[in-house]
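Protein chains in written order, with numbering that gives the first Met the number 0: chain E, 0 to 315; chain C, 0 to 168.
Among the clues, some could well be false.
Derived SDA-like pairs (lysine to any residue); straight-line CA-CA distance at most 20 Å [what the hints assert, rightly or not]: (1) K57(E) - K54(C); (2) K117(C) - D49(E); (3) K37(C) - V11(C); (4) K1(E) - D49(E); (5) K314(E) - D127(C).
Simulated from the structure, these hints should not be mistaken for laboratory data.
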Amino acid sequence: MKSFTYEKADSPAAAASAAVRTSNAKFIAGGTNLLDLMKLEIETPSHLIDVNGLAFDKIEPTPEGGLRIGALVRNTALAADQRIRRDYGLLSRALLAGASGQLRNKATTAGNLLQRTRCPYFYDTNQPCNKRAPGSGCAAISGVTRQHAVIGSSDSCIATHPSDMAIAMRVLDAAVQTVRPDGTTRDIPIADLHRLPGDTPQFETTLAPGELITSVTLPKPVGGTHIYRKVRDRASYAFALVSVGAIVQRDGTGRVAVGGIAHKPWRIEAAEAEMPRGAKAVATRLLDGAKPTRDNAFKLALVERTLAAVLAEAKG
Amino acid sequence: MATVSFNVNGEVRALKLDTRTTLLDALREHLHLTGTKKGCDHGQCGACTVMVGGKRINSCLTLAVMHEGDNVTTIEGLGTPDHMHPMQAAFVEHDGFQCGYCTPGQICSAVAVLDEIKAGIPSHVTGDLNVAPELTNAELRERMSGNICRCGAYSNIAEAITEVAGRPA
């Protein structure tokens with residue numbers, strides 16, 4: 000690990016301004032993804048700003064009837080919250096499908112969203128990777144691509160965003176609140192937080208340098224049956240090959256997003272209009288323009304079948 | 000270099016450390032509490048599991064300097080060879096290990112798992128999110144999935160935990 004200096008932030012604005020005042024600085028909260036990457040010298044910050052002392056650890060009702068989740072609420076606490084379990088079951092289910100008990104105790108709401116979009120070639124520092132070393136090329140595209148993206152990818156990068164929680168947040172139309180180094184705040188719809196790789200896969204979100212997430216808000220509950228179905232190589236503690244997060248209403252309408260197939264949670268509102276017509280119709284619209292590889296073409300059929308299982312479960 | 004002070008197994012310990020020192024390395028290399036093991040050092044195997052503030056975490060994926068004032072419990076704090084914690088005694092009774100390298104992490108994790116179920120925290124296999132989870136074999140196995148045992152002592156580990164929970168396996 001490269002050496003770094005360390006400070007504890009005592010206010011969000013101070014944290015954000017410290018991040019631009021110090022060159023090559025990073026925020027650290029749970030640290031489960033950042034420290035993993037620092038040990039491999041894939042992340043090499045020269046300064047860490049510990050934000051754990053900020054008071055962003057509560058889940059509070061909003062005037063609109065939703066919930067405001069503090070950026071530092073741990074994944075376990077969020078999944079176990081009675082209001083989340085009752086009104087946003089999809090979010091509890093998605094959180095509990097991810098990582099291990101130990102990691103969920105440490106990982107935060109904001110950190111989960113901001114974990115790196117990644118693939119095994121990103122982790123292997125002997126291989127070229129446009130995300131790790133921009134312009135060096137992509138070893139994955141000509142490599143073993145079973146886990147990789149089938150849609151929204153580019154000639155620069157075919158990695159996937161591994162968050163289960165983000166799939167639920169996308170279906171729930173969450174929004175992210177931030178503070179910028181100049182002290183101003185803004186609200187970013189979850190749909191606009193993660194970017195597709197394009198020619199610049201090293202930039203994974205639309206956050207500006209030093210911009211700090213302070214909370215994530217959920218709109219008021221929409222009812223319906225909440226289902227998160229994750230298909231993976233192990234029964235537990237593995238990334239999704241394909242995951243489907245859905246809210247299905249009694250009349251068969253609803254919302255759906257898919258994980259494990261793209262650089263960001265994959266939700267196409269036009270595809271949702273097909274939900275009453277079944278999985279094949281939805282999958283066809285959802286995967287329009289897909290560019291799978293030989294290794295991961297199975298994901299197209301797997302999305303449709305997982306979706307069919309979810310719709311069948313919703314019918315009861 | 001940085002200074003940090005935290006409570007380990009009931010004793011306040013003050014350390015001067017390189018900022019890069021993980022909690023795991025602080026425990027093993029600086030405090031010589033070598034019960035906690037370094038397996039993968041990347042949060043994948045669970046050998047380094049300790050409890051901080053009563054919650055289990057991977058001590059390899061957190062910096063020591065981030066734990067000012069925290070209460071850390073390691074395997075040494077759970078029990079001793081003469082006064083074993085019930086979970087330690089159950090692992091011995093049920094042969095819940097072969098080589099023993101993952102065992103301290105397994106035991107710390109297992110103690111925390113029983114607390115998590117008691118606190119009503121659901122898991123991936125919990126049927127109804129609005130009902131308190133029960134300690135079934137499926138629940139145990141799901142909740143222990145962050146602790147890998149290369150010897151494959153899983154069935155005996157599950158029996159040991161089940162015994163401490165007061166249910167038949």
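Hints, verified against the model:
1. Between K57(E) and K54(C), the direct Cα distance comes to roughly 18 Å. Compliance with the 20 Å bound is thereby established for this hinted pair.
2. The suggested pairing of K117(C) with D49(E) is violated, with an alpha-carbon distance near 31 Å, which exceeds 20 Å.
3. For a cut-off of 20 Å, the pair hint linking K37(C) to V11(C) is broken: about 23 Å separates their Cα positions.
4. Distance check on the hinted pair: K1(E) and D49(E) sit about 17 Å apart at the alpha-carbon level, within 20 Å; holds.
5. For the given pair, K314(E) sits about 17 Å from D127(C) by alpha-carbon distance, which is consistent with the 20 Å threshold.
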